[in-house]
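S.K.: Chains W and U, in that order, are what the protein sequence lines are.
With positions in the first sequence counted from 1, the corresponding number in our numbering is that position plus 105.
With positions in the second sequence counted from 1, the corresponding number in our numbering is that position plus 424.
Don't take each hint at face value.
No more than 25 Å apart at the CA atoms, straight line, and that leaves these computed lysine-lysine pairs for PhoX-like [said to hold, decoys possible]:
1) 264/W to 520/U
2) 253/W to 264/W
3) 144/W to 253/W
4) 296/W to 477/U
5) 296/W to 182/W
6) 253/W to 141/W
7) 264/W to 182/W
8) 253/W to 477/U
9) 208/W to 142/W
Quick caveat, the hints were computed from the structure, so don't treat them as lab data.
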Amino acid sequence: MLSSEISEILNLIYYLSPFFTLIFGTIVISFLIIWKKIKIAKVVSYISLLMSLFFTLYFIYNNYTFVISNSTLIIDKFSQLIWLAILAGGIVSLSSMHEELLKREAQPLLLLSVASGLLVISSRDLLILFLSLEATVFPTYALVSQLKRDPISAEATVKYFVFGILSTLLFGYGIALIYGSVGSTLFINIKNFINSQDYASFSNYIMLGLILIILSLAIKATLFPLHVWAIDTYQGSPTSISAYLSSSSKIIGIAAIALLLVGPFYDLYTIFGFELRYIMSILVVATIILPNIAGLVQRNIKRLLAYSSVAHSGYMALVYVYPEGTLQFLAYYLITYSIAKSVSFLITNLISGEGSYSPYDLLRGLFKYRRTSLAAITFAIALLSLAGIPPFAGFMAKFLIFLNTSYMGNLGIALALIALIMSAVSVYYYAYLIRLEVLPTTNGANINFVSRLDSNCVMIISILLLLVLTFYPNLFILPFPLLE
Amino acid sequence: MIDVNLAILATIPLFIIGFYGVLARRHFIRIIISFEIALTAVILAIGAFATSKGMLGEVIGIIIIAVVAMEVALGLAIAIQLDRLFQTVDIYELRKLKEE
């Protein structure tokens with residue numbers, strides 16, 4: 106009797122090993138930071154993140170699928186592939202942290218947020234999704250407000266917090282409506298209910314509930330009308346935390362919407378297909394066009410990267426319009442985006458520090474000096490990958506999503522064209538930054554440049570990944586549809 | 425047995441009042457209180473559904489209460505930090521002080 110329970114617990118730990126390594130790491134690091142062993146704490150956080158990555162890769166390599174506790178959590182190919190993107194963002198964010206953050210509670214909070222982010226993607230129950238989403242957001246409130254003396258950082262915290270509680274409210278009422286009509290929060294039960302006869306009398310409530318939940322997740326994913334917090338928060342928060350927010354935290358929002366749309370609510374595409382696709386395409390078009398236009402006039406590196414990340418969430422949201430053709434490539438896009446975006450924030454952090462002061466002029470002369478040349482090359486490659494220039498992985502990701510959208514009829518062709526034109530516009534501001542790196546310095550630039558072993562390793566590995574992953578998009582094909 | 429329509433009709437006004445408060449109030453503490461009002465609507469709605477749909481609703485309600493408590497505690501911590509930095513928790517004032 107007892108032994109069966111113990112073996113059950115051991116199985117659970119094995120199934121959720123990427124999650125539990127991070128939680129275990131968090132506990133150890135908290136004590137190490139209390140005892141002021143900051144170097145060891147950083148090593149331990151690297152080890153736990155890399156162990157988590159290793160377990161995820163092991164699961165993917167062996168094609169494992171685990172079903173936990175009445176299928177409230179399912180660890181399948183979908184969750185494992187998106188875990189890779191989340192963990193990549195977490196590792197780069199950790200490598201870019203400066204001493205002022207490392208000696209405070211930033212490391213354990215980051216690991217805690219990554220760990221619960223893993224649970225969000227593998228949850229197949231609305232309540233678990235809500236809880237783990239809250240658990241990812243709580244540590245980031247504390248992370249964003251780490252620079253206690255900076256007024257811009259305080260403003261960023263307030264904006265992030267107010268939008269965070271709006272997101273909680275919307276998600277809460279969405280759960281209430283869906284639970285009130287279905288009587289359960291399990292994804293399979295919701296899917297069966299939508300296909301059953303009772304659906305007709307509750308269709309309004311389920312649709313309203315879905316819209317509220319998508320709006321709530323759109324705040325995290327920074328889709329158009331709800332992206333306004335992102336610009337100021339990415340600018341005002343410490344740069345290493347901006348790297349985390351713009352890669353992992355956003356990926357969690359994007360993937361959670363995809364999870365809902367192709368999981369329990371996928372049959373709404375056959376019932377309300379026309380309306381749903383039109384609403385989504387308006388959202389996508391606005392999210393692609395506006396930040397790309399606004400990015401043209403920016404003069405602050407962090408603000409520009411924020412605008413470009415909002416534009417990228419528009420490209421990712423293209424998969425919501427026609428999930429049947431494009432969802433397979435979402436994980437590949439997310440992984441390449443996560444690496445490129447977080448690395449570009451890492452180099453911004455090395456140049457300008459954790460604060461919000463990061464004018465374009467700091468980039469001048471980056472190519473010229475030997476100690477900054479690696480950073481300059483990495484920055485150029487990350488930006489070219491974000492812009493979608495051919496030899497790099499960002500090109501293949503954009504190519505696959507745009508091409509497969511354009512196969513889906515007239516609306517698809519129009520959307521793909523708009524996305525293509527706007528990503529051509531975005532090349533302007535990426536190329537402007539790269540051009541600044543070649544220009545000669547005005548006096549005193551690059552004095553504050555920090556060179557560290559771990560960030561150099563991360564830069565070299567990310568260059569290699571951005572070059573190599575271009576040729577292997579087939580490794581990251583998501584399963585579709587999700588609930589069988 | 426409580427009808428779904430009735431429960432939603434009763435709680436949506438409360439939810440909208442709270443939601444409006446979060447968007448429109450200037451005082452940070454008032455924003456947090458409005459947030460609590462709106463989540464009370466959520467908890468009431470789920471509690472009402474639990475009478476006809478089974479125990480799960482009560483569990484969800486209790487979990488949401490815990491989430492609210494944590495979020496409010498974080499909000500108050502942020503309010504204290506704002507007060508130390510600006511000597512005010514008025515969000516509009518905060519913008520003015522930042523520009524100076």
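S.K.: Residue 253/W and residue 264/W: Cα distance at most 25 Å?
M.R.: Distance of about 15 Å is within 25 Å: holds.
S.K.: Run the distance test for residue 296/W versus residue 182/W: straight-line Cα separation, threshold 25 Å.
M.R.: holds (20 Å)
S.K.: Given the hinted pair residue 264/W and residue 182/W, is their alpha-carbon gap at most 25 Å?
M.R.: violated (35 Å)
S.K.: Hey, residue 144/W versus residue 253/W, does the alpha-carbon distance stay inside 25 Å?
M.R.: Distance of about 23 Å is within 25 Å: holds.
S.K.: Holds or violated: residue 296/W with residue 477/U, Cα cutoff 25 Å?
M.R.: OK: residue 296/W and residue 477/U at ~17 Å, within 25 Å.
S.K.: Does residue 142/W sit within 25 Å of residue 208/W, going by the straight-line distance between their CA atoms?
M.R.: holds (9 Å)
S.K.: So if I understand the rule, the pair passes when the alpha-carbon distance is 25 Å or less; does residue 264/W with residue 520/U pass?
M.R.: Cα-Cα ~15 Å, so holds.
S.K.: Is the straight-line distance between the alpha-carbon of residue 253/W and that of residue 141/W 25 Å or less?
M.R.: holds (20 Å)
S.K.: Can you confirm whether the C-alpha distance between residue 253/W and residue 477/U stays at or below 25 Å?
M.R.: violated (47 Å)
Violation of the numbered hints given earlier is confined to hints 7, 8; the remaining hints are satisfied by the structure.
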